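J.: Below are the chains, spelled out letter by letter.
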Amino acid sequence: MGSLLSYFKNIIFGFWNLLVGLSVTTKYFLSMKTNTQQYPEEKLPLPVRSRSMIKLIYDGEKDQFNCVACMMCAKACPNSCIKLEGVRGADGKRRVTTFKLDFSTCIFCGYCVEACGFDALTFVAEEYENSVYKRGSLLQDEQAMKWVRPAHLAPKPEEEVKAEAASTAKAGV
Amino acid sequence: MVHLIANLLQQALGAVGLSGFAFIINPIVSAVVMFGGISVFVMFLVWMERKVSAHMQSRIGPNRVGVFGLLQTVADALKLTTKEDIKPVHRDKIPYYIAPIIAFVATFAGMIVIPFDKGVSVQNLNIGILYVISITSFTVIAILSAGWSSNNKFALLGGFRSAAQIVSYEVPLVMSLVPVIMTAGTLNLNNVVEYQQKAGYWFVVPQFIAFLIFITSATAEANRAPFDIPEAESELIGGFHTEYSGVKFAMFFLGEYIAIIVSSAVAVTVFLGGWLPLPFLGSLPIPGFAWFVAKLLFVIYLIMAFRWTFPRLRVDQLMDFGWKVLIPISILNILITGFCILFFGKGV
Amino acid sequence: MTDLLLSQIKLGAESQFGTDEYVVNLGPQHPATHGVLRLIVKLDGETVKETTPVLGYLHRSIEKICENRTYPQCITYTDRVDYVSAMSVNLAFALATERLMGLEAPPRAQWLRMIMVELQRLASHLLWMGAFAGDIGALTPFLYGLRERERIIDLFEMTCGQRLTYNYIRIGGVMIDVLPEFVPKCRAFLDYFEPKIAEYEELLTYNPIFLERTKGVGIISPEVGINAGVCGPSLRGSGVPCDVRKQQPYLYYDQVKFNECLETAGDCWSRYRVRMREIRESVSILRQCLDRLEPGPFETKLPPVLKAPPASEIYSRIESSRGEMGVYLVGDGTIKPWKCKFRCASFNNTYVLDQLTRGWKIADIMAVLGSLDMIVPEVDR
Numbered sequence: 001m002g003s004l005l006s007y008f009k010n011i012i013f014g015f016w017n018l019l020v021g022l023s024v025t026t027k028y029f030l031s032m033k034t035n036t037q038q039y040p041e042e043k044l045p046l047p048v049r050s051r052s053m054i055k056l057i058y059d060g061e062k063d064q065f066n067c068v069a070c071m072m073c074a075k076a077c078p079n080s081c082i083k084l085e086g087v088r089g090a091d092g093k094r095r096v097t098t099f100k101l102d103f104s105t106c107i108f109c110g111y112c113v114e115a116c117g118f119d120a121l122t123f124v125a126e127e128y129e130n131s132v133y134k135r136g137s138l139l140q141d142e143q144a145m146k147w148v149r150p151a152h153l154a155p156k157p158e159e160e161v162k163a164e165a166a167s168t169a170k171a172g173v
Numbered sequence: 001m002v003h004l005i006a007n008l009l010q011q012a013l014g015a016v017g018l019s020g021f022a023f024i025i026n027p028i029v030s031a032v033v034m035f036g037g038i039s040v041f042v043m044f045l046v047w048m049e050r051k052v053s054a055h056m057q058s059r060i061g062p063n064r065v066g067v068f069g070l071l072q073t074v075a076d077a078l079k080l081t082t083k084e085d086i087k088p089v090h091r092d093k094i095p096y097y098i099a100p101i102i103a104f105v106a107t108f109a110g111m112i113v114i115p116f117d118k119g120v121s122v123q124n125l126n127i128g129i130l131y132v133i134s135i136t137s138f139t140v141i142a143i144l145s146a147g148w149s150s151n152n153k154f155a156l157l158g159g160f161r162s163a164a165q166i167v168s169y170e171v172p173l174v175m176s177l178v179p180v181i182m183t184a185g186t187l188n189l190n191n192v193v194e195y196q197q198k199a200g201y202w203f204v205v206p207q208f209i210a211f212l213i214f215i216t217s218a219t220a221e222a223n224r225a226p227f228d229i230p231e232a233e234s235e236l237i238g239g240f241h242t243e244y245s246g247v248k249f250a251m252f253f254l255g256e257y258i259a260i261i262v263s264s265a266v267a268v269t270v271f272l273g274g275w276l277p278l279p280f281l282g283s284l285p286i287p288g289f290a291w292f293v294a295k296l297l298f299v300i301y302l303i304m305a306f307r308w309t310f311p312r313l314r315v316d317q318l319m320d321f322g323w324k325v326l327i328p329i330s331i332l333n334i335l336i337t338g339f340c341i342l343f344f345g346k347g348v
Numbered sequence: 001m002t003d004l005l006l007s008q009i010k011l012g013a014e015s016q017f018g019t020d021e022y023v024v025n026l027g028p029q030h031p032a033t034h035g036v037l038r039l040i041v042k043l044d045g046e047t048v049k050e051t052t053p054v055l056g057y058l059h060r061s062i063e064k065i066c067e068n069r070t071y072p073q074c075i076t077y078t079d080r081v082d083y084v085s086a087m088s089v090n091l092a093f094a095l096a097t098e099r100l101m102g103l104e105a106p107p108r109a110q111w112l113r114m115i116m117v118e119l120q121r122l123a124s125h126l127l128w129m130g131a132f133a134g135d136i137g138a139l140t141p142f143l144y145g146l147r148e149r150e151r152i153i154d155l156f157e158m159t160c161g162q163r164l165t166y167n168y169i170r171i172g173g174v175m176i177d178v179l180p181e182f183v184p185k186c187r188a189f190l191d192y193f194e195p196k197i198a199e200y201e202e203l204l205t206y207n208p209i210f211l212e213r214t215k216g217v218g219i220i221s222p223e224v225g226i227n228a229g230v231c232g233p234s235l236r237g238s239g240v241p242c243d244v245r246k247q248q249p250y251l252y253y254d255q256v257k258f259n260e261c262l263e264t265a266g267d268c269w270s271r272y273r274v275r276m277r278e279i280r281e282s283v284s285i286l287r288q289c290l291d292r293l294e295p296g297p298f299e300t301k302l303p304p305v306l307k308a309p310p311a312s313e314i315y316s317r318i319e320s321s322r323g324e325m326g327v328y329l330v331g332d333g334t335i336k337p338w339k340c341k342f343r344c345a346s347f348n349n350t351y352v353l354d355q356l357t358r359g360w361k362i363a364d365i366m367a368v369l370g371s372l373d374m375i376v377p378e379v380d381r
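Protein chains in written order, with this note's numbering: chain A, 1 to 173; chain B, 1 to 348; chain C, 1 to 381.
So that you can see chain A by itself, here it is in the shape it has in the complex (with noise of 0.2 Å):
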């Protein structure tokens, strides 16, 4: 008699959890809630830190690139994607001749901007539609990485960020 009970009682266990199963789905189903983006119409902004795509820096007023052609970039890429040859021009200072970087090898681990003390190489988050019909096509030169910075994204003054990170100390984050 026990068993038959258990049967039964087993059965309507199941059930029950079945239908709670149901109502989860259900109220999904008549909340109508997406969360889908739809790609093409619908583009979202990617955070600033997004490593989507690494661009030369260009100076528009002095008509040159940051570049100094160091070679820490050359020498942090664990895939040896970046190759860069540089002269010393008539100033003094060396500067980039030819910048060349596959995008075919590189992982965009962000070592190279990292590397960089000259500021003359980042990553820019808007643009991040990479996507080429032939595979040469991802093997970039300066002119193709050249990139000027837009006046809202110029690097603060240093006394700025020294406030800015004293008061975030303070508020405890």
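FYI, nobody ran anything at the bench for these hints, they're computed from the structure.
Accuracy of the hints is not assured; some may be wrong.
[What the hints assert, rightly or not] Computed cross-link-like contacts, DSSO-like style, restricted to lysine-lysine with a CA-CA straight-line distance of at most 30 Å: (1) 185/C / 33/A; (2) 361/C / 153/B; (3) 27/A / 361/C; (4) 215/C / 9/A.
[Claimed, not checked] Derived list of chain B stretches under chain A, where covered just means 3 residues or more per stretch with a C-beta under 8 Å from a C-beta of chain A: (5) 55-62; (6) 304-318.
Here the structure is a predicted model, which is why all the values come from computation and not from measurement.
C-beta atoms are modelled at their ideal positions from N, C-alpha and C, and glycine is treated no differently.
Place chains B and C on chain A using the hints.
T.: Chains B and C alone, transformed into the frame defined by chain A:
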């Protein structure tokens, strides 16, 4: 409308002196109208399943082709028909070609006895329920021969699973209908609905357990999740239709959905009062056909919700569930109904 | 085909009718193997007689590549060892290198590392939960799991700029300090996330079909588990305490309160329960970490070109999302490791697959494989 077209054609036949063949006009016209209607409805159902599953999973679902993506299925059908028909080399030719046709025809033939409205069915058979059950179980032959003839190990496993499944779930399917037949005293689907009208209640009220058993085994009959082991994608890839592509695959696909429609239509007719309006809403000017479709969509929604909520049973557990749970309970149900009829007269 | 059958019957009459094993080749392209794992399964009807995993389809020789890279450069490759739980592998390698060099990261870096690794554990377990349910046939939990995982990944992207291969945890600290809005956003996520766990449990835990499929299936006995080197949640499902966070605390795991989740049955359901409970524990750890996060430097200042570690060896282990993640490093006094070896949990967990599935049905292979939480890149490396 059907009768109008049929009458016109009959007169045309009479005009050319072939009135002797007039008797074939009615079935042919009905079949063509049915085929068109059901095909469109299946397309709608595929779209509905995608939308239902999408909203259950907080997605959007198809929304690119047509308004709300309604034409998505049309696009898919076009794609399937224009696709290359890839055939395995060492297939067993005849069963390989027949299988999708059987799968499609056997389920489609089940539609002809369903009453969509008062007196509106292609054939008002006296053995309607028996006919539906027997003709739809032909699909097992299709699936078995598809699995065997594809010369694919996964397909063969799927075919064998299907044979075991459909044969064992046929039993509770019939048994769940027996109490209704006992009470109504008829096998004619039209008369079952008329009985419900006279009695003033739908059979789902006294026979709720039979309704549940019927829905469960109908889901299993149509090879739908959670009983979709013949095509269990996580272990058997495509199951019996792994090696089918193009139009043949489309026919299996169509067959599956028509099987859902047939089982749901039987459930609606037998348990949910067919074309009868909802209680207290009988005075609304809504035709019986619309009530039928609305109920049909509700039952189909239930079957879809099962698929997108529940995990899949294992093959031996499927058998266990059929033989150890569904069949004993349906036998018990028949017994209780029998006693009720014996002691309280007709009407449970 | 009929001719073929007839000829076979003739053959059988001449020799003897014999039955043969039904060998099914699951993979390397198969919906349930989560990647390119190949299983050769010998069947007797539906019953499994033998399962042989064939590995190597995703072998990229990361360990060998690491021997030709400097220590910081190796970290970019550790991202690819287990891309579902990249932070953990980052941490494993960074900790090993720090121990080799005798470095210690500042407290803020340690807390940040703990936050990131626990968030990563949540993300990994969520993906596992969805994939496991999908293997068994329930497709909806997968989407729910991914929906919440997306939020975690957004947090990562906000912090380090990448969504899958973070390269965030570095030798001597972390890559960059979190943004000021990270902490409130993380708390908001935890508040949003906690009720969702109950939802997954409603969908799966006591669902009778789910119970049928997982209870009593694929039992790892404690002896078999220990002998085969099974680790992580898979072994804790058998009741063996093996959480490295408790046994050999690293970072500040000795300063936060959390329970080691143990179940006794050792079947798929226990492993599921362990992981679901670990999700709750991770949420609690995360809350404590966010409370304890203090301002300070986020990294030890290192020279741009790293000083070469001494010629010695180290084996350092952490608890990754899948179990014990060990890194064995041998330095030879240069800036590159002489030998680098990853001890990955998935590899050992895959090893018991054959023992677990023998005598069960073919559908159980999927349940067991799913419950072991195996990631193919980690198996092959």
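J.: Confirm or reject each hint.
T.: Evaluation of the provided hints:
no., hint, verdict
1, 185/C / 33/A, "holds, 22 Å"
2, 361/C / 153/B, "holds, 15 Å"
3, 27/A / 361/C, "violated, 35 Å"
4, 215/C / 9/A, "holds, 18 Å"
5, 55-62, "holds (count 6)"
6, 304-318, "holds (count 5)"
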